[in-house]
Amino acid sequence: MRFMFIVSSAHTAPPPAKFMEAMHKLADREIKAGRMVDSGALMPLATGAQVRITDGRLSVLDGPFVEAKEVIGGYAIFELKGKEEAVAAVTEFMQLHKDYFPGWEGTCEIRAFAQAGP
Amino acid sequence: MTAADTHRAILAVWRIEQPRLITSLARMLRDVPLAEDLTQEALLAALERWPATGVPEKPGAWLMATAKYRAMDHLRRGRMLDRKHEMIAWDMEEEQQAMPDLDSALDDDIGDELLRLIFTACHPRLSREARVALALRMICGLTTDEIARAFLVPDATIAQRIARAKRTLSESGLAYETPRGEELSERLSSVLEVVYLIFNEGYTAARGQDWLRPQLCNEALRMGRVLTSIAPLESEAHGLLALMELNASRTAARTDLAGEPILMLDQNRALWDQLQIRRGMQSLGRARELGGAGGIYTLQAAIISCHAQARTAGDTDWSRIAGLYAELGAVMRSPIIDLNRAVAVGMAEGPAAALPIVDRLAREPTLKFYHLLPSVRGDLLHKLGRYEEAHAAFEAAAALAGNGREHDLLRRRAAEAADAAMSL
Chain B
1 MRFMFIVSSA
11 HTAPPPAKFM
21 EAMHKLADRE
31 IKAGRMVDSG
41 ALMPLATGAQ
51 VRITDGRLSV
61 LDGPFVEAKE
71 VIGGYAIFEL
81 KGKEEAVAAV
91 TEFMQLHKDY
101 FPGWEGTCEI
111 RAFAQAGP
Chain L
119 MTAADTHRAI
129 LAVWRIEQPR
139 LITSLARMLR
149 DVPLAEDLTQ
159 EALLAALERW
169 PATGVPEKPG
179 AWLMATAKYR
189 AMDHLRRGRM
199 LDRKHEMIAW
209 DMEEEQQAMP
219 DLDSALDDDI
229 GDELLRLIFT
239 ACHPRLSREA
249 RVALALRMIC
259 GLTTDEIARA
269 FLVPDATIAQ
279 RIARAKRTLS
289 ESGLAYETPR
299 GEELSERLSS
309 VLEVVYLIFN
319 EGYTAARGQD
329 WLRPQLCNEA
339 LRMGRVLTSI
349 APLESEAHGL
359 LALMELNASR
369 TAARTDLAGE
379 PILMLDQNRA
389 LWDQLQIRRG
399 MQSLGRAREL
409 GGAGGIYTLQ
419 AAIISCHAQA
429 RTAGDTDWSR
439 IAGLYAELGA
449 VMRSPIIDLN
459 RAVAVGMAEG
469 PAAALPIVDR
479 LAREPTLKFY
489 HLLPSVRGDL
499 LHKLGRYEEA
509 HAAFEAAAAL
519 AGNGREHDLL
529 RRRAAEAADA
539 AMSL
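Chains as they are written, first to last, in my numbering: chain B, 1 to 118; chain L, 119 to 542.
Quick caveat, the hints were computed from the structure, so don't treat them as lab data. Any given hint could turn out to be false.
[Claimed, not checked] The calculated lysine-lysine pairs, modelled on BS3-like cross-linking and capped at a C-alpha distance of 27 Å, are:
#	chain 1	residue 1	chain 2	residue 2
1	B	LYS98	L	LYS176
2	B	LYS25	L	LYS176
3	B	LYS83	B	LYS25
[Stated by the list, open to error] Between beta-carbon pairs, the in silico distance windows are:
#	chain 1	residue 1	chain 2	residue 2	range
4	L	ASP477	B	ARG111	52 to 60 Å
5	B	GLN115	L	ASP263	44 to 52 Å
6	B	GLY74	L	THR484	52 to 60 Å
7	L	ASP384	B	LYS69	33 to 41 Å
8	L	GLU289	B	TRP104	31 to 39 Å
9	B	GLY82	L	LEU381	28 to 36 Å
10	B	GLY82	L	GLU289	32 to 40 Å
11	L	ASP263	B	TRP104	37 to 45 Å
12	L	GLN400	B	GLY74	17 to 25 Å
The structure displayed is predicted, hence computed values, not measured ones. We put the beta carbon where it would ideally sit given N, CA and C, even for glycine.
Generate coordinates for the entire structure from the input sequences, incorporating the hints supplied.
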């Protein structure tokens with residue numbers, strides 16, 4: 001089963017070097033174990049844009065944005081046996097945040113890919 | 119949460135940790151079979167304790183500590199009390215004193231150890247079934263029960279197979295090998311063979327059977343990804359991954375609502391997974407970049423890619439397929455490849471061009487009981503308007519096809535040919 005993990009956070013401070021090292025090692029392990037299929041860190045929302053439909057009207061908003069709520073920081077795509085494994089994998093990923101990125105708060109959402117088919 | 123749910127959750131946590139666990143232990147003990155034993159013991163310990171205590175905050179560290187503790191036990195009990203093991207026991211104690219807090223993420227690169235593991239599991243000294251079971255166990259973390267269900271054999275059979283394989287490895291001094299360079303490329307073929315075998319077992323599993331069987335395709339794909347990741351310069355690893363991705367991309371279209379198989383040319387191509395096709399094409403490109411265009415798996419992937427890239431069955435580039443089958447036939451002598459080439463030639467140049475090829479193949483002893491030979495012949499004859507002969511060929515094919523859907527299909531074609539003959 002294919003899953004997307006989506007990390008979002010309101011935290012703005014840069015990550016410590018040790019945390020980045022831990023992230024790289026985890027990513028490396030998961031690629032070599034054949035489980036992580038893709039991943040990406042996203043540029044800050046301020047550098048991006050949004051296209052919205054509200055009240056039946058389409059509008060384009062260029063960054064930076066005023067609301068500093070939780071923002072998607074990145075994603076990963078994993079191929080795993082099921083939701084339990086996804087939860088275990090993300091739990092470990094978040095534990096690393098706890099251990100190496102003190103003060104960081106955020107969410108990693110787990111979403112399975114919808115299966116195509118008759 | 120039921121006991122079954124808890125069991126599944128614990129197994130999932132263990133599975134996430136399993137690659138690091140087994141690679142670290144193998145490196146530490148210089149013994150792959152023993153490392154495998156210990157990862158299993160760690161799993162059993164977790165299944166025993168965690169339902170009561172809950173999953174620990176750092177399950178990886180817990181499992182590793184448990185495994186190490188058991189390892190020391192093994193060594194102390196003196197399975198092979200020679201100098202080497204005494205030294206390793208001492209090193210481990212020193213290590214444990216220096217690093218009481220084991221940290222999963224900061225461990226060293228597991229690539230080398232995974233390479234060692236997969237090549238050990240697929241050692242040519244082991245029987246093919248043993249290699250399959252050991253690979254699924256050590257690389258994919260499947261349980262004995264899961265492997266047994268996937269291959270429709272009893273649990274005990276798999277358990278024995280794995281135990282015997284580990285014993286063979288230990289007793290043959292193959293417990294910790296490192297194939298490199300030339301040897302790696304040579305040994306790679308036995309690894310790829312195992313991976314492809316697992317894929318095909320899953321691919322040919324009928325829908326509605328135990329879901330673990332088609333799941334084998336995913337395990338094989340995973341092993342393929344592991345291989346391309348740890349041996350990125352081996353073109354055939356990329357070729358095999360391409361072949362598997364491209365074949366798997368048709369999964370949603372392969373069966374109808376009743377679970378009956380649909381022939382590729384009749385499938386609804388809108389259901390083909392385009393992202394998987396794209397990944398397959400990328401792997402195929404990589405294999406070619408590495409100079410492997412003539413490899414057996416890469417050629418087969420190239421053939422499938424011709425289908426994958428055709429918007430409709432009518433868009434299929436049959437001449438290209440025929441050419442690729444000719445190339446494949448040159449490196450891999452096989453009458454079945456020749457037969458497939460004949461089909462492609464028939465589609466590309468017309469049935470008259472293909473019939474001589476098929477007639478020559480009729481003399482092949484290995485194809486004597488292969489129903490697709492008279493079936494292809496019947497199809498070509500029908501297209502040439504030689505209906506009486508087509509009828510005879512289809513009847514012969516039906517007789518060889520055994521029972522079931524194929525048989526019925528062939529009898530129907532035989533009847534159609536007979537009708538066509540009568541209306542002349």
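Index of numbered hints that the structure contradicts, given in increasing order: Per hint list: 5, 7, 8 violated.
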